[in-house]
Amino acid sequence: MVIERKWKKWFVFYIPMAVFIVFTLFPFYWMAVTAVRPDGELYRTWRQASATPFWTLQPTLEHFEGLLRTTAFPHWLWNTMLIAMVSTLISLICGMFAGYALARLKFRGSEFLGTAIFVTYLVPQTLLFIPLADIIRDLHLGNTPWALMLTYPTFLIPFCTWLLMGYFKTIPKELEECARIDGATRFGAMVRIIFPVSIPGILSAGIFAFTLSWNEFIYALIFMSSAELKTVPVGVVSELIRGDIFFWGQLMAGALLGSIPVALVYSFFVEYYVTGLTGSVKG
Amino acid sequence: MKDPVVAGAGVAASIAAPAERGRVSRLTRWLESEKLLATVLLVPGMAILLIFIAYPFVMALWYSLTSIRVGDPGEFVGIANFAKAWNDTVFQLAFKNTVFYTFWATVFKLALGMWLALLLNRSFRFKRIIRASMLLPFIIPTVLSAFAWRWMFDPTFSVMNWLLYHSGVITDRLPFLSDGDWALWCAVLVNTWRGMPFFAITLLAGLQTISPDLHEAAALDGANAWHRFWHVTWPLLLPVTLVVVVFSVIQTFSDFQLIYVLTGGGPANSTHLIATYAYQVGVASGLLGEGAALSLFMFPVLFGVVWFQLRFMKRMEGH
Amino acid sequence: MKRRKFLKATGAGIAATGLAGVLAAHRAPVFAQANTVHILRWNDFVPAADKVWREVFVPEVQKALGLKLNVETVNANDLPARATAAIQSGSGPDIIMLLNNLPHLYSAAAVDVSNLAGEIGKAGGGIYAPATQLNTVGGKWVSLPWAVVPGLIAYRKSWFEEIGLKEFPKTWAAYHEAGKKLKAMKRPIGQTLGNTFGDAPTFTYPFLWSFGGQEVDAKGKVALDSKETVESVRFLVQFWKDAHDEGGLAWDDSNNNRAFLSGDISASLNGASIYVHALNNADKVKTEKGAPLHTDILHAPLPAGPKGAHAYHTAFNQMVMKYSKNAKGATELLCWAHKKENYEKWFVVQKGFATGPTREWEKHAMWNNDPVMLPFKTAPLGQSRLMGFGGAPDKKAAEAWNKYVITVMYAQAASGKMKPEEAVKWAAGELGKIYT
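These protein sequence lines are chains A, B and C, in that order. So in the numbering used here, the last one in the first sequence is 283, and the numbering has no gaps at all. So in the numbering used here, the last one in the second sequence is 319, and the numbering has no gaps at all. So in the numbering used here, the last one in the third sequence is 436, and the numbering has no gaps at all.
It is worth saying that the hints were derived from the structure and are not from the lab. Wrong hints could be hidden among the right ones.
[Said to hold, decoys possible] Here are the simulated DSSO-like cross-link-like pairs (lysine-lysine), alpha carbons at most 30 Å apart as the crow flies:
hint : chain 1 : residue 1 : chain 2 : residue 2
1    : B       : LYS127    : A       : LYS8
2    : B       : LYS96     : C       : LYS219
3    : C       : LYS241    : B       : LYS84
4    : C       : LYS181    : C       : LYS307
5    : A       : LYS9      : B       : LYS96
6    : C       : LYS241    : C       : LYS186
7    : C       : LYS307    : C       : LYS241
All chains should be built: construct the whole structure from the sequences, respecting the hints.
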């Protein structure tokens, strides 16, 4: 490391870092405060004075309670989790296979296919969901979790494939060749040599795919109609904006609870995520 | 998660039962052919993409050429829908907004993300937890965080107006979402807030592949921090940067959720993006054909941008 | 055996899981086969009314009809999107609530309910004329009117008295003057001009009419670009600047409720939800002097312009969907819910926020409980015009309504983005594209 003077460190490091932290985290803080503030305190206009603008002395759990009692929130959480996991799994398997094929195998049209897969990523969702609704109807998937588990991979597979392709390319060919000399089949070498050493890359693709599915909104809004089958983002938007007039407390409580599972996944895997990305960006 | 299946495959492939050995080994021999193995490996992914993207894409193309409305298949109208969209002032505005939004959000995400990555690449206390918490905006669902921002921008209850008003900075509140220009900039801000961590973490990953020796050497040569960044770090990061920018441009250009929640396209349609306007026309008004045509306008632009960037990347790889 | 396992492992696994999904989906209708009806409604601005559906109707319907009723409520702004998706994917709620004249937009996907409408009308002393226009297409009833939510101005009695007004202004000009004084006291009028379903168009359409502007002429030709319309826009621009809370450009249907209840605005066009909330939470919602806020709220109709006073009251209709596998059950449900003794349970908790679909409900004893709510009782009778005025409230009128053309016209001028003449030209152009 290049040595710095102390005062300089304040200017180039501590202060900018602090600003970044405030900018990044303040909305979450505000979400949390809003979620525990009683309604009477919540609705103070910008002109009214307030003794405790940035915290509250009477924290309440009424919003959380209301959320869990009057909505199917636990269902939404579970659905989102299940759908995100299954679609991530499907996309990872497809992405690993396709990524390997495109990175390691020689066949005609491989470049074209690679580009084609990438191009599918460009097709906007707002264009697809109406025709997709027809397909979902024809397959009798309407209002079942499978409608989402099978459509989410459409935007996950291209991403996984490309990320893993980059990762696989960085693995030395010799590793595979050694295994082949020892009598492993191509498939066997892929499964037992390439995939295990690519765990960081696979994990980071998986985490990314999981986040994208957790985040998805349009398909879930359009394809799911029963209250118990909704995902968190859709449930929160469609059922918590209500004529109750006072819905912000519950809305923020829902946003907070709905974010915790993904946040946990990340806090466990963030280092893998960085190293995984490191691997693929090298390629 | 995937291990049982994959391990099962390995076992099945290599230790086949003697009675079936002949058949399995024929299969494995087949799979030794690169072409066949590639086909087998590509089929599942391609199948999903064909059924759930290629086919609906073709259908959407057809829709865009017909007068289909909800519950009424309509008839072939040629490019009438495109012509209508082209002359639609709201669409023109939405198109302009989309370009504006994508451009500025990407610029800010890149600049701030790079800065943040450089900061996070240093060693400091609580590094792990700070790195993890910096990712939060990126991982929580956009609609949920957009609601938090909408609440902070609320015309009547905005905490920011409260703070500025009571600290004497302003005498009248700022029209965050109630003025068209402000609202669009607010959307850029929220998008930047959301996307910056992805840039930062990915660039951080890139930074970690750069050997510190290079910096030491440059420092010994008397290069200052800015020169070290510009001449050492930036060129090495360029490939990663391009990848992130490509992904970000795609995401931002076709963004829907953020505007849908934050402004719903208002005030006076001034923050509509192509996606939200297409949604309003196609879904809320049931004019499926026109909605499809509006969405399709996104495709060539995205295609152009990405093609250009991919070309650029290829050229760099060549060097 | 091994081969199957192998195939599965090589990725046919994906296909297999997909297949399992299809199979599961085919098995799922076991649940649907049971006599269930799924109804999609808005999140009622009087939450107690949703409770009646969930906690009273559900068990009673089970008993009376043997139906399992599934009530889903969503944000009213999302209703058309859900209807489009459901119709397109052929699966979804059996009954969908559609506001205003949206039934015209979705009529192709509706079950004919003319018989039922006839019965309801006969039993209830006649369905209101506007509701008939909104729910019939080509002489056929495509949906049933459930309720009308009148839009009246809720205002702070004491604040208007402070500026010397014993009565609510009767003309826009007088209202403008009053608003000017109120805004100077930091008590502006609150009105949304945002892209939202209720309070925005129910203000802008009557406002336009009261100046003599109209969307189309009797022949269905766009007639918006008139000197009357320009005059109305010009008036609003000044009115907005002098008397309104400018944040209203970004409001949805609930913002004015919150602003009113926290004492930030002096008046707002609204359903009675502000008052009903203040009434139901009298101990929490107070005026700045500490009295219960509801004692300081009164209701008044929209003031008159040069061409008279007008109003638009939001209609709530329910459509039985053609794709439904249980259209019979759905129709039975509506028939049951419209029966006087059942409908009444829902009607009374509304406290007047929603009025009934037929004349009979004007006579209900509930109206004697609270004089403040009295203006709502006969409000539906005062409604002489519907969207698309000049012409019929048809599909095209619905499209213009859904695209917020009239509201955006005013918003663009009020925000200073366009001159009044430009805004009117723009809106007339937009209407021209719809009415081709």
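Here is what the structure says about each hint:
{"no.": "1", "hint": "B/LYS127 with A/LYS8", "verdict": "holds, 20 Å"}
{"no.": "2", "hint": "B/LYS96 with C/LYS219", "verdict": "violated, 36 Å"}
{"no.": "3", "hint": "C/LYS241 with B/LYS84", "verdict": "violated, 35 Å"}
{"no.": "4", "hint": "C/LYS181 with C/LYS307", "verdict": "holds, 25 Å"}
{"no.": "5", "hint": "A/LYS9 with B/LYS96", "verdict": "violated, 42 Å"}
{"no.": "6", "hint": "C/LYS241 with C/LYS186", "verdict": "holds, 13 Å"}
{"no.": "7", "hint": "C/LYS307 with C/LYS241", "verdict": "holds, 23 Å"}
In terms of the numbered hints stated before, the structure departs from hints 2, 3, 5, listed from lowest to highest.
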